[in-house]
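Protein chains: 2
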Amino acid sequence: MQKVTAKNVTMHPSFIRALMDRVADKMIPYQWEALNDRIPDADPSYCIRNFKAAAHLVDAPHAGCVFQDSDLAKWLEAASYMLLWRDDPETEKNIDEVVEIMRKAQMEDGYLDTYYQLTDIDQRFTNLRDNHELYCAGHLLEAAVAYFDATGKREFLDIMLKYVDLIDATFGSAEDKKHGYPGHEEIELALVKLYGITHDPKHLNLAKYFIDERGSQRHYFDEEAKLRGGSPAWAHSVYERNSYYQASEPVRSQMHALGHAVRQVYLLTGMAEVARETNDESLKLACKRMWNNITRKQMYITGAVGQTAFGEAFTYDFDLPNDTVYGETCASIAMFFFAQSMLRLETKGEYGDIMDTMLYNGTISGMNLEGNRFFYVNPLECIPERSEKSQIIRHIKPVRQKWFGCACCPPNLARMITSLPSCIFTSEGNSLYMNLYTCCDLDLKLDNGRVALSCETDYPQSGLIRIKIAHSFDGFALNLRLPAWVRSYELRVNGEQRISTMDNGYVALGALKDGDEIVYELHMPVDVVRANPRVSQDAGLIAIRRGPMVYCLEEIDNGANLANISISPKSEFTAVYDKEKLGGITEISCPAKRISLEGWDEYELYASNREPIYEDFTARFVPYYSWNNRGKGEMRVWIKTH
Amino acid sequence: MQKVTAKNVTMHPSFIRALMDRVADKMIPYQWEALNDRIPDADPSYCIRNFKAAAHLVDAPHAGCVFQDSDLAKWLEAASYMLLWRDDPETEKNIDEVVEIMRKAQMEDGYLDTYYQLTDIDQRFTNLRDNHELYCAGHLLEAAVAYFDATGKREFLDIMLKYVDLIDATFGSAEDKKHGYPGHEEIELALVKLYGITHDPKHLNLAKYFIDERGSQRHYFDEEAKLRGGSPAWAHSVYERNSYYQASEPVRSQMHALGHAVRQVYLLTGMAEVARETNDESLKLACKRMWNNITRKQMYITGAVGQTAFGEAFTYDFDLPNDTVYGETCASIAMFFFAQSMLRLETKGEYGDIMDTMLYNGTISGMNLEGNRFFYVNPLECIPERSEKSQIIRHIKPVRQKWFGCACCPPNLARMITSLPSCIFTSEGNSLYMNLYTCCDLDLKLDNGRVALSCETDYPQSGLIRIKIAHSFDGFALNLRLPAWVRSYELRVNGEQRISTMDNGYVALGALKDGDEIVYELHMPVDVVRANPRVSQDAGLIAIRRGPMVYCLEEIDNGANLANISISPKSEFTAVYDKEKLGGITEISCPAKRISLEGWDEYELYASNREPIYEDFTARFVPYYSWNNRGKGEMRVWIKTH
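From first to last, the protein sequence lines are chains A and B.
Here the first sequence stands for residues 1 to 642, numbered as in my numbering.
Here the second sequence stands for residues 1001 to 1642, numbered as in my numbering.
I should point out that these hints are in silico values taken from the structure, not numbers from a laboratory.
All C-beta atoms, glycine included, are put in the ideal place defined by N, C-alpha and C.
Take the hints with a grain of salt, since some may be wrong.
What the hints assert, rightly or not - Using 25 Å as the maximum straight-line C-alpha spacing, the simulated SDA-like pairs for lysine to any residue come out as follows: (1) B:Lys1007 - B:Asp1025; (2) A:Lys284 - B:Tyr1603; (3) B:Lys1007 - B:Asp1443; (4) A:Lys593 - B:Ser1571.
As the list claims (entries may be wrong) - Pulled a few chain A residues facing chain B out of the computed Cβ check, cut under 7 Å: (5) His471; (6) Ile595; (7) Leu605; (8) Ser608.
What the hints assert, rightly or not - Among chain B residues calculated to face chain A with C-beta under 8 Å, some are: (9) Asn1292; (10) Phe1310; (11) Ile1383; (12) Asp1527; (13) Arg1530; (14) Asn1564; (15) Leu1597; (16) Lys1640.
So here's chain A without its partners, still in its complex pose:
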């Protein structure tokens, strides 16, 4: 399948458009300030200062993480996507200035990584395992491709082409090259994006090389460690031989997602991209196996992935602790990208379903409604006092933070959200696939003709979707994703019910004429969800979901001690849209019981043969993404039943 890019799509006011505007209005300017160290009381980023220092424009040592360059790269990419749907000369000017700094910072031979340039340049490319050079290069490359695509300006792209030439000259299967691959995957998928512009096989081949070499029996990370006299990776104390880096075995042999979650999913995204471009069946199979492992065995209902803070990593199948979870915002964002790559590899609605899960839950939970406070970790249960006093969950912050010393998540969210216009549709031949539902116009040339349509919906508040065909052609087929959560729906064309053929999670509509009006109504009741009983942490519990959105209880609506609340799965649920609350949400309420503290002295820890006293009350659920926007308090997704 092909992407249908933002150039063919116009976004109108909607849930998604509001996210985009929040990012454009708040996050992109805010992050620009952050990258320039101008946010009061927040850790400085030093990101741009590092590039200026490498360009000899200021005199300063390297500061920040070894991968600090990537924060700027992600911001550049986000801003570039934004330029496709919003004129913003000031941001464009800022980018051009940054590109000019980069040009000055770039070394004669193409190298560009401020960490090594400002520390010991002789050590470059000697520690791929830990020091993120190729990761940073990958992010810069994505940004350069995006900026070229948005503006047609070549400067940034040229810088990166030169750097890629150096990387290509350094790594590969040839005898005189290093047989390395990145400790943090990312450049693989970026190289395929580059190939999409250049069509230069060396770019695709380099991506393929990094993937094929990974985890081979040479054990490159151990080899390079020996060469530099370095110590074993810190991760060795916890993870078996390089599995933290997905490098303990070849990617085609891997059976379970493992190690650092963002790395794992970026790798998979790169694999899916290479598999599509090279028609590599064994690689495609590996991608599907891993997709199934993650989404069907290791993914939280919110779309969070990475169950443990130790290494921000996957653990094992059906292990989904709600209180100690990691669930990095970046990992869910990575899943959103991976789903898109899988969708292009294989036309299945399931991939769009996961895009929905990520988009409406575990990614945007990473930012507040104002777009200036961020979560790195997205728990399914939060008791602020625990987060503050129990060291085992100190990674779970009870309130969103201004900025992070390691600030990977905020700019990653920005680039995901500004790229959303390119995620709505995909196409193949004369078929158009609508994957996300939002208010927009499309104008697109397909193989045999042009199609123009507009979509109106208040999705995800309801499942009523109206599509008007402005222009069609013979042989055009419109495929509408039928989300997995749908139990019943109606499809009418010009008021007449249409029985549509279903294929792989889409309903297909053919024979559409100019002026046709399609009403696609996905009934959106409140769903009571249970987890597979193999998940010990969710045994006997339920979660509330409506459409693609997972809900949670917050203390501010329901009082403290949320663990004591139970509801009946057979409850009457009320779902009411409240445009004032939390920026506009559909609130869900139902009768509930709460175990009372009555009869329990504060100095009485256990009692025998004492029946609990229950209080009746009305539980109020809000969408998970919107939690923690009204001060600090408890939150819980999985709820007890009675």
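Please arrange chain B on chain A, whose structure you already have, making use of the hints.
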């Protein structure tokens, strides 16, 4: 109250006697082998080798932990207690040989700590915070007192008196002394034991000094760190200013148990000992406040304390996670000691209740039924696959280990168990208090006369206790602890019902004559226990307890996926003694339901509006202490209800 020591008590076959024999027959010889590095496939201890090296008998560097000496000390103490009730010339000879090595190892000025003697002796007493010198001294001192008490031999005691003189000359309030106190408390309680033999006020005063100085605004640990140019404590990254060491404020100001659990409870034991000997009311008040905080707000139902692996530490009130718990065996042992010290400070059955809780649950769970495998951590929930694959609970071993590099728990268990004959009774004036119930004879001189009695019971399998008075005197009063779990009981003297006065958790019997037969029957039904609803982790769950013993489900009896099991709190419970099973246990069974895996594909993680399918079966509970004696498998204490 006074201790009634093992010299007045003869132990007969019973649950407790079996523990004592297991320790004497297995653990003490096994640990002797371990201390001598002769256990195949286990981490060597190096403990005795270190002493030999310090004595210049072998040439070897220091090995093991900085506090390795204490492992030997605890073994010496355990063996000494054993000598009070068992002739064992070989062990006595081993001890004498070790004492001779110690004599040779001791420095001219009395110093004795193999770590500093074998590394850099000039650095001694420069890092009390981290390096455990005073802790090791305390354990050696306890051992020396115990060996002197058991054998009358003075050599070991004299070594330690000389060392204590050096410590006393080094630390104190005088201008020219260091104003330090131990980073790991222990010596305080040991010094009061020493004072019990020497009656030398300087020994009591030194204990009191360490307690009074602790946490004063000088912040000694910071002072000494500055002096040696040392780094802040590792614990600073997690804990506020020295609170890990209970040194952030004076002990009389502390409101909640905090920091490293064993340190906290050893400190409290020392405080209770000093409070008793000095009649210090403010210190007594502090002890009671902390006792209440721990036992009524921070203690697991099994007696485990220390909720987090980060620093093996307390967290905060009502935070009792069952899966990530630390619950070090040593911390429950410390609680057993603390309870005894509190009991001597204040005559309340509550302290005996906690001795029971510790004795029958969270301490002896630390060893297997053979006495040669040990748990350091005692979880209330174990899923072996999680322990093996989820790094956040890698501290929770799914099977007991042979020995530990840091082997504090096994010898600590040994010394607790061999000291049990001294824990049964206490006395005051003409009153005798029976705190633990077991088969034994007592022969004791009280203020106005001699009392002799014998007790027969199969406690804790039942609550039937028969006491025969062999010799009594006018004014003798027998006080029998009435455990807090008792809901009904009978008390008969020579077959006639006796209404007894109750005072502070004891039933009191006066006017007893020679030949009187007392039958004290504590009815012991199965108790369904709930936690205070403030404990979020136990909300809606129940635990099964019978008498002092907490029960658990094991996979071997109930199948896997224990989280899916629920029982009704109103179930009919059957309790049957099975002398073959697990060395003789009372097994509890009841009807139960289990959520079935039926209908759930292995690749299906979530489903909406699907009711669980329940299977009926009979749940079988075994005493918590006996878990993991039949291979690796799941275990769970807190169970769901229906």
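How the hints compare with the structure:
1. B:Lys1007 - B:Asp1025: 21 Å, holds
2. A:Lys284 - B:Tyr1603: With Cα atoms ~19 Å apart, Lys284 (chain A) and Tyr1603 (chain B) stay inside 25 Å; holds.
3. B:Lys1007 - B:Asp1443: Holds, at roughly 9 Å.
4. A:Lys593 - B:Ser1571: The hint holds at about 23 Å.
5. His471: 38 Å, violated
6. Ile595: 5 Å, holds
7. Leu605: Because about 5 Å separates Leu605 (chain A) from the closest Cβ in chain B, which is inside the 7 Å limit, the hint holds.
8. Ser608: 4 Å, holds
9. Asn1292: Holds - the Cβ of Asn1292 (chain B) comes within 8 Å of chain A, reaching about 6 Å at its closest.
10. Phe1310: 3 Å, holds
11. Ile1383: This hint holds: Ile1383 (chain B) lies near chain A, its Cβ roughly 6 Å from the closest one there, short of 8 Å.
12. Asp1527: 4 Å, holds
13. Arg1530: 6 Å, holds
14. Asn1564: With Cβ-Cβ at 5 Å, under 8 Å, it holds.
15. Leu1597: At about 5 Å, which falls below the 8 Å cut-off, the nearest Cβ of chain A leaves the hint on Leu1597 (chain B) intact, so it holds.
16. Lys1640: 5 Å, holds
When each numbered hint is compared with the structure, a violation occurs for hint 5 only.
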